[in-house]
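Chains A and B supply the protein sequences, listed in that same order. For the first sequence, the numbering used here gives the first residue as 1088, with consecutive numbering after it. For the second sequence, the numbering used here gives the first residue as 2, with consecutive numbering after it.
Treat the hints as calculated values from the structure; they're not laboratory data. Please read these numbers as outputs of a predicted model, since none were measured by experiment. Glycine included, C-beta positions come from ideal geometry on N, C-alpha and C. Mixed in with the good hints there might be a few duds.
Ranges between beta-carbon positions, derived for each pair [to be verified]:
| hint | chain 1 | residue 1 | chain 2 | residue 2 | range |
| --- | --- | --- | --- | --- | --- |
| 1 | A | 1353 | B | 61 | 43 to 49 Å |
| 2 | A | 1301 | B | 124 | 23 to 29 Å |
| 3 | A | 1246 | B | 206 | 39 to 45 Å |
| 4 | A | 1301 | B | 144 | 19 to 25 Å |
| 5 | B | 55 | A | 1274 | 24 to 30 Å |
| 6 | B | 64 | A | 1246 | 50 to 56 Å |
| 7 | A | 1238 | B | 127 | 29 to 35 Å |
| 8 | B | 46 | A | 1101 | 48 to 54 Å |
| 9 | B | 98 | A | 1207 | 24 to 30 Å |
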Amino acid sequence: MSVIQLLNRNYKQVIYLCLFVAIAIPLMKPMGLPVPIDQTTRDVYNRIDALQPGDVAVMGSNIGAAIYAEVYPQYVAILEHLFRKEGVKVILVDHGTEGPIFAEKALNEIKAYDRKTYGVDFVHLGYIAGGEAAISGLCRDLHELLEVDYAGHSLEDLPMMDDINDANDFTIVLDFTASADSQFWLNQAYAPYGTEVAFGLVAVKVPDAFAYYTAGQIFGIIESLKGAAQYEVLIGRPGIAVKGMDAQSLAHLLYIVLILLCNVVYFHGRGKR
Amino acid sequence: MAGIWRTAASAVLFVVALTMLVDFAWEDPALQGVATDLNNWAVVIGAFALGLGAYSLIVRHGRIISKKQTMWPYSIVLLLTMFAFIVTGLITGSVTSSEYGWIYSTIIQPLSSTLYGMNAFFIASASYRAFKARSWEALVLLVAAIFIMLKNAPIGYAINPILPAIGGKIWDVAGSTGMRAILIGIGIGTLALGLRVIIGQEKTPLGGAD
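Chain B on its own, in the form it takes in the complex (with noise of 0.2 Å):
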């Protein structure tokens, strides 16, 4: 039965796939409006999908908490801020109320804001415990860092103009090429990707590989 299903899936994403494509390269109103439908479904599954990852948090956190697994307080406290904001969210009618604003500012921003500025303090026991010269390659690494370092703060202006040519030498020659020959590695990736998709050689989005 299974069988069956993971065929007509199949089926419907060649289809669909196919449209989308055509659509791109050859310009019909009528098909214009079948890709446009299609794409806008696309948004209100995304949509829903928010609300699915909503009752899949409740499910697994009410399930450690229920267990009591470990670092189980923490799960209380992700329900909790959750409800908070559903509940505030339904009370006032709006997510554009000023007590869900000052809810989000006052407690959810600071808390986030501060995990992502802790990266500094990171990067800096950082520099002193890694960034070693062990071989040449190391070597070239650390000093190009310093360079584009130099490069990225107007210290490195103040210091010595210079300073940060170099680092815009090394960016626009050596970083700019290495990274388009990545990008171009992804998108010949992605379209061969694409491509088993298409063809139903991909089962990965049809809920599980072979």
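Isolated chain A, as found in the complex (with noise of 0.2 Å):
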């Protein structure tokens, strides 16, 4: 029986198990492909490198269980960065209800919590309803908006906080998510305030986000799962998107051969016609 035969007949169960195999053996057995660093990722790297003491990053996250595999590397990669810079103030906050699970277990991964102190070096806001309005809101008047973070402390007990009111003390937002906060964010920090803001997204959200990139309204982005092995990479830490690289190579490649396949049946069928 040849190959188009075959999958002809039983097409699903052939692609599902070919798939599952690409899959499957490089995250078994990575195959250690090098991993190019976009301009995009480089953007996002040197300017959290140039950050200096006292500046303040904002992380905003809308991850949750759906895009953790993408996004999530993503998170820890840059939280990670933030953390090794000295003196710099970090600030998470979630837009989405399953965000702040994520975030703490993101401090717990890198061991925030034995790194730093927390209330003094960085603070957890947690989840904040209302869409637009919550950025909008941290944007103009934090405290005006909050009077706890995410643990239940008052704000007025963690000393960083004392200082930072509105957008115009964040150095920097970096907002991770599959959904329209982003834009939020460009909407309520970049355009009244002129807040330097810089994506980490899904791969379907990334189109849109790359024009406001060319037009240089967002720093950088960080592109999905090959955006956080980029970004492992360039700190050093090779972690799951790297591995994972290996694993999407061979799954971009069958696609590619199925695309192929499906075109050679295709004229095949439409000649023999």
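Assemble the dimeric complex from its two separately framed chains, guided by the hints.
Spelled out as structure tokens, the structure:
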């Protein structure tokens, strides 16, 4: 039986099996393909690397279980980089109900509570409902909007929050999402206050963000798992994203083979008719 | 009577929208205070909307279960999961508790990630079924897709650096230009819709069209 006949009879089973093998093998035994760095990722790295003591980085997140595989590795890599910068203050805020769980997971993964002092070097504000209004509220007057952080501590008891009132005090904002809240930061932080903004996104969200990048309105983009892998390489901490790139490479190669095969079958059938 | 309420709601909407717009363009501390309060009300309403959503979910799925409509057992699963989360949160007194995290990381996260991950398999079978060069336009699309895929994975660079470079050009020139045109169109549309809402021509936000 030829490959084409086999595909014609049981194409779904064959394709699913091939994809499973293409993804599973490199995850178990990485091939170690080199990871080239995109300019969009390098721009984020360079900007974070240039942060000075006293600068404030805000990390917005709408990470949920559905986009965990693509965006969470970006979040961890950036958080790690920010925590290596001496004196840089980090504020974590969530725009989705699942966000706080992943923010705390990331903080524990990089051992944030052992490395730095909560309330002095970093703060987790938790989930704020209201979409764009919540982001606008943070940018207008953070203390007017919120009285407590995620764990219920009063913001007045957290020393680093004394000097942070509105978006004028945010040096950079990085938003990790698959939805519109990245655009909200652009509307509410960049447009009125000129705060520098960058995004960490799922692959399908990158094309519209890229238009803002080429227009100079955002300073960088971490593009899906690929961007996360590049960032892991840049900070010298290869993790799950770098491993995933081998699997993604083979999966993409399989898709290309399937597209070509599909057309061979199509033109073969048309020729016969 | 409904007409009076709608007119009143339109008037409130007009004043609030105008306040926010003027505040954006004109820096006045007093106006800024009012605009910040209005904005924070929206956040509070957003939080209440979550409660309203939960209530509406319970009513809707309660009805499905009581009438034993199609796939009613799934409604039981949904409500049980929801109450399990609520009860755990209330008993432990915090959503930061390890029990709460355990339910999420051992049940919700794997299920949700699996559903999203299955997309990869659908895309694979769709690549074989649907990506046919039936026309010149389809041919252009599939050739572009191949180069973009080679750009988005290290394998493209490993095969030949020219392949992802071509993908990069397609991305930077064709993709970015097209997307920018779409975004400008969306922007103009949003502006027009916003104006219609402010002047009361758009009735949908006030509870239904004419």
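Outcome of the hint check:
1. A:1353 to B:61: 43 to 49 Å: 45 Å, holds
2. A:1301 to B:124: 23 to 29 Å: 27 Å, holds
3. A:1246 to B:206: 39 to 45 Å: At 42 Å between Cβs, range holds.
4. A:1301 to B:144: 19 to 25 Å: 23 Å, holds
5. B:55 to A:1274: 24 to 30 Å: Since residue 55 (chain B) and residue 1274 (chain A) have Cβ atoms about 29 Å apart, the given range 24 to 30 Å holds.
6. B:64 to A:1246: 50 to 56 Å: Check passed, 52 Å falls within 50 to 56 Å.
7. A:1238 to B:127: 29 to 35 Å: About 45 Å separates the Cβ atoms of residue 1238 (chain A) and residue 127 (chain B), which means 29 to 35 Å is violated.
8. B:46 to A:1101: 48 to 54 Å: Hint holds: Cβ distance 52 Å, inside 48 to 54 Å.
9. B:98 to A:1207: 24 to 30 Å: For residue 98 (chain B) and residue 1207 (chain A) the Cβ distance comes to about 25 Å; the hint holds.
The earlier numbered hint that this structure contradicts is number 7, and it is the only one.
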